[in-house]
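Asks: The chain contents come next:
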Amino acid sequence: MCLAVPMKVTAVTSDEVVVELHGVTQRARRDLLDEVAVGDHVIIHAGYALTVLDEAEAESTWALFDELQPGDADAQS
Amino acid sequence: MPSLEQYQSRDLVAALVREIERLAPVEAPVKIMHVCGSHEHSLSQWGLRSLLPPQVELIAGPGCPVCVCPEHEVREALAVARRGALLLTYGDMLRVPTSEGSLLDAAAQGADIKLVYSPADCVRQARENPGREVCFFAVGFETTAAPTAALVQAGPPANLSVLTAHRLTPPAMALLLRSGEIEVDALIAPGHVSVVIGAEAWRPLVTEFDLPCIVAGFEPVDLLLAVREILRQLRQENAALGNVYRRLVKPHGSAKAQAALARTFDVRPSVWRGLGELPDTGLLLQERFDELNARVRFDLRISAESAEMPAGCQCNRVMLGQIKPPECGLFRSACHPLRPYGPCMVSQEGTCYIWHQYGGQVA
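So the protein lines, in turn, are chains A and B.
Numbering-wise, the first sequence is residues 1 to 77 according to the numbering used here.
Numbering-wise, the second sequence is residues 1001 to 1363 according to the numbering used here.
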């Protein structure tokens, strides 16, 4: 029930957002969002956008991985 | 920005597993409980347990809202459908067995029951059936309660009513930890529940029980980051609130969703299937919404029964992490996704269903 992935906002209407991931498009209510803009990533749950992904946080968390030694270089082509 | 696939990176998973192996205690096992059917799904689907050292145990808690929905609430939905209303609900609810059969059984006998994906679908159905009573049987934790609240706040069509079965997770976990029914060393808090309520909503549990509690997302890297953080804290004997899902979970969550919840529901005691009545864990529609409350509109007088579990069913012990699905004698024999006996074998978020599908643990 709670599985959801961030989808990219391609349009914003008075009460909905249009979102896209890997070529799949859907509409979602935006009642629960404060502000949203085209290009934002949002998480959709039960047809409602719940929150906008914080790209700065995503980047900074990702930067933490630099401390890890990715090691097994054969793992990824 | 990192792509979804990067959170599934084999290199990063391997690096995190090495750190987890280094941090894992040598002697006593560490029991980590998550409280989210979607976390169980990710753990099992990706086979993450098989990557962890044997002394690090990941246990599923009561994180499946369909599983904890008591039988009498399903019977309320059955009563509404049998009175000729069009009943709408999320797919997993259709097959939950009760002493009067499931909603799917009722549909086979002629009741008009449809599955919906969203409260927005319910508004559409109500508008397309203007002469009919349409009832939305709304189940779920905070993540799903927020859209129901938004539906109520938006003023639904007059022929649409709502039968709510929404529950709150942090107070339920606090009660179950306090009673000793759940015994664990750390918690992984549900990511999308926390999008709504905020990471800080879990702090009281850290304080009261001195447990590490880490809010996590759903990709392999997210879950392993949570495990690593828990092991670090346990090693330093410094239980704290953590959040490794900061890209979506803010400390105080979604103010707008919380405001919608507060304007829509009152917090009341709630019966959890197999776990009994837990104070301050239920969300009931406020009196001013009586007109769209199905319990009022249909004068439902179906009350909780004491056990609410079919004889021999051990779903309650599975939900408390006391046993694993294969330790239940009914698992994959008398209880099977095609013929579920207990609720945990019904829902895609049920631990037994997931373990049936993916094997749960590769030892």
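Treat the hints with care, as some may be off.
What the hints assert, rightly or not - Taking lysine to aspartate or glutamate pairs in the DMTMM-like style, the calculated list, with each CA pair at most 20 angstroms apart, reads:
no.	chain 1	residue 1	chain 2	residue 2
1	B	Lys1250	A	Asp15
2	A	Lys8	A	Asp34
3	B	Lys1031	B	Glu1183
4	B	Lys1256	A	Glu59
5	B	Lys1031	B	Asp1210
6	A	Lys8	A	Asp66
7	B	Lys1324	B	Asp1210
8	A	Lys8	B	Asp1185
9	A	Lys8	A	Glu67
10	B	Lys1250	A	Asp34
11	A	Lys8	A	Glu20
12	B	Lys1114	B	Glu1133
13	B	Lys1256	A	Glu16
14	B	Lys1250	A	Glu67
15	B	Lys1256	A	Asp34
16	B	Lys1324	B	Asp1185
17	B	Lys1250	A	Glu20
18	B	Lys1114	A	Asp34
19	A	Lys8	A	Glu35
20	A	Lys8	A	Asp40
21	B	Lys1250	A	Glu35
22	B	Lys1256	A	Glu35
23	B	Lys1250	A	Glu57
24	B	Lys1031	B	Glu1133
25	B	Lys1256	A	Glu20
26	B	Lys1250	A	Glu59
Hints are computed from structural coordinates only; laboratory data are not their basis.
Asks: Hints first: check each against the structure and report whether it holds.
Replies: So, going through the hints one by one against the coordinates:
Pair hint lysine 1250 of chain B plus aspartate 15 of chain A does not hold up; C-alpha atoms about 24 angstroms apart against a cutoff of 20 angstroms. Taking the CA atoms of lysine 8 of chain A and aspartate 34 of chain A, the gap is about 17 angstroms. The hint holds against a cut of 20 angstroms. Restraint check for lysine 1031 of chain B and glutamate 1183 of chain B: satisfied, since their Cα atoms lie roughly 8 angstroms apart, inside the 20 angstroms limit. At roughly 25 angstroms between alpha-carbon atoms, lysine 1256 of chain B and glutamate 59 of chain A are farther apart than 20 angstroms, so this suggested pair is violated.
Between the alpha carbons of lysine 1031 of chain B and aspartate 1210 of chain B the distance comes to roughly 14 angstroms, so the proposed pair stays at or under 20 angstroms and holds. Restraint check for lysine 8 of chain A and aspartate 66 of chain A: the C-alpha separation of about 26 angstroms exceeds 20 angstroms, so the hint is violated. Proposed proximity of lysine 1324 of chain B and aspartate 1210 of chain B is contradicted: the alpha carbons are some 25 angstroms apart, above 20 angstroms. A C-alpha spacing of about 38 angstroms is found between lysine 8 of chain A and aspartate 1185 of chain B, which places the hinted pair above 20 angstroms, so the restraint is violated.
The suggested pairing of lysine 8 of chain A with glutamate 67 of chain A is violated, with an alpha-carbon distance near 29 angstroms, which exceeds 20 angstroms. Between lysine 1250 of chain B and aspartate 34 of chain A, the direct Cα distance comes to roughly 14 angstroms. Compliance with the 20 angstroms bound is thereby established for this hinted pair. Distance check on the hinted pair: lysine 8 of chain A and glutamate 20 of chain A sit about 5 angstroms apart at the alpha-carbon level, within 20 angstroms; holds. The straight-line distance between the Cα atoms of lysine 1114 of chain B and glutamate 1133 of chain B is roughly 13 angstroms, inside the 20 angstroms bound, and the hint therefore holds.
Restraint check for lysine 1256 of chain B and glutamate 16 of chain A: the C-alpha separation of about 16 angstroms stays at or below 20 angstroms, so the hint holds. With a CA separation close to 24 angstroms, the supplied pair lysine 1250 of chain B and glutamate 67 of chain A exceeds the 20 angstroms bound. Distance hint between lysine 1256 of chain B and aspartate 34 of chain A is fulfilled; the C-alpha atoms sit about 7 angstroms from each other, no more than 20 angstroms. Between lysine 1324 of chain B and aspartate 1185 of chain B the CA atoms are separated by roughly 17 angstroms; this keeps the pair inside 20 angstroms, and the hint holds.
Restraint check: the Cα-Cα separation between lysine 1250 of chain B and glutamate 20 of chain A comes to about 24 angstroms, which exceeds 20 angstroms; the hinted pair is violated. Taking the CA atoms of lysine 1114 of chain B and aspartate 34 of chain A, the gap is about 32 angstroms. The hint is violated against a cut of 20 angstroms. The hinted pair formed by lysine 8 of chain A and glutamate 35 of chain A meets the criterion: a straight-line CA distance of about 14 angstroms does not exceed 20 angstroms. The straight-line distance between the Cα atoms of lysine 8 of chain A and aspartate 40 of chain A is roughly 6 angstroms, inside the 20 angstroms bound, and the hint therefore holds.
Proximity of lysine 1250 of chain B to glutamate 35 of chain A is assessed by CA-CA distance (about 15 angstroms); at most 20 angstroms being required, the pair is judged to hold. Restraint check: the Cα-Cα separation between lysine 1256 of chain B and glutamate 35 of chain A comes to about 11 angstroms, which is no more than 20 angstroms; the hinted pair holds. With a C-alpha separation of about 10 angstroms, the suggested pair lysine 1250 of chain B and glutamate 57 of chain A falls inside the 20 angstroms cut-off, and the hint holds. Distance hint between lysine 1031 of chain B and glutamate 1133 of chain B is unfulfilled; the C-alpha atoms sit about 48 angstroms from each other, more than 20 angstroms.
Distance restraint check for lysine 1256 of chain B and glutamate 20 of chain A: the Cα-Cα separation of roughly 24 angstroms exceeds the 20 angstroms cut-off, and the hinted pair is therefore not satisfied. The straight-line distance between the Cα atoms of lysine 1250 of chain B and glutamate 59 of chain A is roughly 15 angstroms, inside the 20 angstroms bound, and the hint therefore holds.
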